[in-house]
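Heads up: the protein sequence lines correspond to chains U and X, in order.
In this text, residue positions in the first sequence follow the working numbering: the first is 1, and each later residue adds one.
In this text, residue positions in the second sequence follow the working numbering: the first is 1, and each later residue adds one.
Please keep in mind that the hints were generated in silico from the structure rather than gathered at the bench.
Beta carbons are placed, not taken as given, at the ideal position from N, Cα and C, and that holds for glycine.
It cannot be assumed that every hint is accurate.
[Stated by the list, open to error] Pulled from the structure, derived: some chain X residues nowhere near chain U, Cβ distances all over 10 Å:
hint : residue
1    : Phe273
2    : Ala304
3    : Ala660
[What the hints assert, rightly or not] The calculated lysine-lysine pairs, modelled on BS3-like cross-linking and capped at a C-alpha distance of 30 Å, are:
hint : chain 1 : residue 1 : chain 2 : residue 2
4    : U       : Lys11     : U       : Lys118
5    : U       : Lys79     : X       : Lys327
6    : U       : Lys27     : X       : Lys559
7    : U       : Lys176    : X       : Lys327
[To be verified] So these bits of chain U aren't anywhere near chain X, every CB distance computed over 10 Å:
hint : residue
8    : Asp32
9    : Arg34
10   : Tyr38
11   : Lys108
12   : Leu120
13   : Ala150
14   : Asn156
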Amino acid sequence: MGDGAHAKEIKVDENSPLFDRTGMLHKEFPSDFRQIRYFTLLIVQSAPPDIKEINLLEQQISEVIKNAVKHGNGCDPEKRIRVWYSFSPEHAHLVVEDEGPGFKDIEKWNEFNRRRQKCLEGEDFAALAEYVSFRGERADDNDGGNALFAALEYWNGGFVFNQKRNCVAMLKRFPKKRRGLAASGGE
Amino acid sequence: MVFGSIAGAPSGQLLVKLALSAVLVTFFLFLRGRETEGTMSRYALLGLLLALRDLSYSLFPSLSLFRASDLLLFAALLYLRAFPFASAAGPARRRAFALLIALPLAAALLLSLSAAFGLLGEGARAALWGASLLPVAAALALEPLSAREAPDAPGRELCRRTYLILGASSLAYLGAEALLGAASPFFQGIAAPLFYASILSVAFAFVDSSMDQLVGAVEHYEESIDSLYDLLLAAGAATKPDFSLQDVLDNMARVLVERTGAEGAIVLLADEFEEAVAVRALHGSYPPPFKLPESLPRERERVAAFVRRSRWKLGEGIFGEAARAGKDIFVPRGGEGLPDNGDEAWLRSGALVVSPLAVNGRVIGLVSLAKAAPGSFSERDFERCKLLASFASIAVADSFTFLEAAERGDIEREAAIAWDVQAALRPRRFPELPGLELAVFSQPARGVCSDYYDAIQTGPARALVAVGDVAGKGVAASLVMAMIRAVLHLVAPSGKDAPTILEWVNRALAGKLELDHFATMGIVAVDASSGGIELANAGHQPLIWYRASAEAIATVESKSVPLGVERGSSFPAKRFSPGPGDVLVMYTDGVVEAMSAQGKQYGRRNLGDAVQRSHALGAEGIASEIRDDLASFVGRSRQHDDQTVLVMKVLRSTGEEPTAWN
């Protein structure tokens, strides 16, 4: 049976290079839940057309803004969401900052994910039922709790919170398309 | 003295034989340049040997020496004809033939010594001669058998063509010599020259064989050209409007089968992201040269479906290895080393060819031909496959280029359509209002085209000025823009106030469309008769107001959500009256968020400063100043959003026609 050691983790690292916002585009939004799709579109419209799975990128960006608006700022219209972003055919880099108290349950979530991964690796589907979704203190019935599992998988270049845990930086590296394989010419 | 004896009284027989030897040497030397194995050169040496032998005999007419030279001659003939087969048949056979050649050579030496020193009697010498010819005769008699054992031996065809004539002439020559004696005029005048002439048959056979090879090669190349034509025609699907790479690969697999006699063919392509090759097309019955899962039912359709889904990492299995090395694989028959996938005849691996599709040193895929056992492929099939693969490489690479160009073309085309729609939606000219100048600059970002501006005359001294920014880009954004413009032009003349106009536009936009339909928009209702301005704002940037009386920049903001968020949204108004010399500036996100090379945003402060610096100019001048300032700020940095600035300048009265603003 697996020990869940292969489970990806949400990192907390104030000094992560992912927080370097140099050269990134920047927008600020009010914490209006109704406008999340609109905010997402505004950000994604600067992505180059070469990025093929643009809908998946939109979905992931929407989720992270939704988290900031809802769980970070508690949908308080006086609180702002700040987003820094840059895109190229090879990467998507996003930093999202809210004015909330920070995601306090990171360790709990990581532990939850580790146990969930352990069940998956061990094919213990009976126990897995207990790890279908993570419910933090600020969650409500509309939170499936699965967005972060998907986010960790999607943002393959890292998913890192700052020390205050109200700012999250993430990086997606898109695989580089190439034509053909370099033949070694060996026997 | 020797020369004198030859030149002085040469016999007619000697002259005939020398002339024939000379012809032999000349012919074979002439043909030497037309082959690479050196056989013709060796036959030329044989002709020389004959000439030397006859000259020697004319000087020293010794029967034993003549017989010794016979042994030498036939040992040489044996070496020329049988030795290549022996070499091809292996080292043991080679040693045996070497011995067969050594025996007559040793006997020739013994005969020469006995002639010189009178060691043996005439009868013994004749017996030795006859006995020494036996191994030579045996080896030559067994030549057809050797030819069958070593079908690929060099010179086999030449031996086959001359076997009968040389065999018969040798028998006649030796028979005449044995019966009549070497000194017999018949032997020297008829039998020996005829034998010499028969050696010429080797030269004729060589020419004949070369002609056959040439004709065969021409036929082969004609067939190859036909097959290449078929292949390129198949790949030419790229020129059809409904081109698909799959069609090209399917057609390629079909042509490979039809033109090589294979029972089945597959085409594999290298993965775009991983170091792997995957089957992309299959034609015919292709016995897989890899192990099928035991659980897979041995039914043709199931196996074909499995093959079509198969992929290998680089270096993995026969195909992964061929892709890694970029080398051809040829299993002509027998299927040795290929897996046993079942008893079904169509599954038994027989012959296999794998050839890489390579362009500029990169393997872009593989083609593979197969036949079920006991089928086989010839070298020509293999060469044909390699030839077709080399052209298929170009066809596949061209298809990739075509697809990429088409993809780029689609992107460019969409950008061009969006650009055209955006341009078509812009007003041709602004309405003329007393005491107010309007000017604009709008710079679309490549592929975005989401900014919109308009100015609609709603009365003799009234107009509705709008600046908007649709969320999204391209054709989708331009569709939303077209909707906004249509509704705006429909409701603007209604005389309703700015908030109501925005509410109506929002209601039209916020329907259940299968399209993202969000936009920010600021509209300014201008009444030049009263000097009043009414601003309503749907999530848009605040209006910048340069107040000439205070010589200061102010912003007018009216907070609300963008258009399209909620059907029931309301948009509160701000009303104010600018004074003479005042400047009002509406703009989009792309202006204040424009990025410099240092990663800084242009911002509202820089925009305000540019307005303040240029406030004394007319509307066109102010717009131009802002454009230049923005361009200077961003430098050569690529901009990600459209940039639109609309300037309204309240003119100072000249005294002749006072306006409401003065």
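Going down the list of hints, with the structure as the test:
With a cut of 10 Å on Cβ distances, X:Phe273 falls inside the contact zone with chain U, its closest approach being about 4 Å. Residue placement check: X:Ala304 keeps its beta carbon more than 10 Å from all beta carbons of chain U (closest about 26 Å). For X:Ala660, the non-interface assignment is confirmed: its Cβ lies about 37 Å from the closest Cβ of chain U, beyond the 10 Å cut-off. For a cut-off of 30 Å, the pair hint linking U:Lys11 to U:Lys118 stands: about 19 Å separates their Cα positions.
The straight-line distance between the Cα atoms of U:Lys79 and X:Lys327 is roughly 64 Å, outside the 30 Å bound, and the hint therefore fails. In summary, the hint linking U:Lys27 to X:Lys559 is supported, as the alpha carbons are separated by about 17 Å, within the 30 Å threshold. Taking the CA atoms of U:Lys176 and X:Lys327, the gap is about 26 Å. The hint holds against a cut of 30 Å. Residue-level check failed: U:Asp32 sits 7 Å from the nearest beta carbon of chain X, not beyond 10 Å.
The claim that U:Arg34 is not at the interface with chain X is violated, since a C-beta of that chain comes within 10 Å of its own (minimum 5 Å). Distance to chain X contradicts U:Tyr38 as a non-interface residue, since its nearest Cβ pair spans about 4 Å, not more than 10 Å. For U:Lys108, the requirement that its beta carbon stay farther than 10 Å from each beta carbon of chain X is met, with the minimum near 34 Å. The claim that U:Leu120 lies off the interface holds: its Cβ sits roughly 24 Å from the closest Cβ of chain X, which is beyond the 10 Å cut-off.
The beta carbon of U:Ala150 is kept farther than 10 Å from every beta carbon of chain X, the shortest such distance being approximately 21 Å. Non-interface status of U:Asn156 relative to chain X is upheld: no Cβ of that chain comes within 10 Å, the nearest being about 13 Å off.
Hints 1, 5, 8, 9, 10, counting from the list given before, are not met by this structure.
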